[in-house]
Structures are given as structure tokens and as C-alpha cells.
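Chemist: Going by the working numbering, 30 is the number at position 22 of the sequence shown; the sequence numbering is gapless.
Fair warning: there could be bad hints in the mix.
[As the list claims (entries may be wrong)] Ranges of calculated distance between the beta carbons of each label pair, as one might list FRET restraints:
(1) Thr39 <-> Glu12: 34 to 44 Å
(2) Thr15 <-> Ser46: 33 to 43 Å
(3) Thr39 <-> Arg70: 45 to 55 Å
I should point out that these hints are in silico values taken from the structure, not numbers from a laboratory.
The C-beta atom is built at its ideal place from N, Cα and C for all residues, glycine as well.
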Amino acid sequence: MPLEEITLALFAACNSVRVVAYLPQIHKAVTDKHGASSISLMTWSLFLVAHVSTVAYALINRSDWGMAACFAINAICCVAILAIAYWKRRRHTNGLTQRPVAA
9 MPLEEITLAL FAACNSVRVV AYLPQIHKAV TDKHGASSIS LMTWSLFLVA HVSTVAYALI
69 NRSDWGMAAC FAINAICCVA ILAIAYWKRR RHTNGLTQRP VAA
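Work the whole structure out from these sequences, hints included.
Modeler: Shown next as C-alpha cells:
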């Protein structure tokens, strides 16, 4: 098997498995009781931008719909994590600000 095919197979395998790796992070964000404070919005935003730019590269430069689809799914997972974290933080903050102050 030529090196080109080996690297393509590794790339495809790693990026396919990576989609599954998002699930524990999504679960953590959903179940967190402290406003998803362990989720870095900056990091996940950078991952999102990287994935979206890779989708654009795959479509425009390579005409590779498979690669674009893989990274689009990665981008969707990033959006899910960011949306959950944002929602949980807003909910957590509102819960803290709406509590009555003890006299």
C-alpha cells in the first residue's frame, strides 16, 4: 500500500473517530450544575472556525465532499457544545441573580 493511501486512511479514520469524541464533552456540558464552567468557549470557537475553514477548503480547493461532510459534522458538534455551554451559563447566572438576598 503506497504511503499516500496509508496517510489518507489514517486521516479518514482519525477524523471519523473524532466525531465520537465530542459526545463526552457534550454530555459534560449538559449535566454540569455550575453553568458549564469547565467548557472553554474560546477553545471551542477556535475549533469551530478551523472546521468551517476546512469545509471551505475541501469544497473549493479539493472538491472533496466526503472531507467537507466530515468536518461539517465536527463543526456541528462544536456548535452544539458552544450552544449548550452558553445556555447553561445564562441559566446559571440568572439563577444566581434571581435569588433573594438574606437580610
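Chemist: Next, verify each hint and record whether it holds.
Modeler: We went through each hint and held it up to the structure:
1. Thr39 <-> Glu12: 34 to 44 Å: 43 Å, holds
2. Thr15 <-> Ser46: 33 to 43 Å: 34 Å, holds
3. Thr39 <-> Arg70: 45 to 55 Å: 38 Å, violated
Hint 3 from the earlier list is the only one contradicted by this structure; the remaining hints agree with it.
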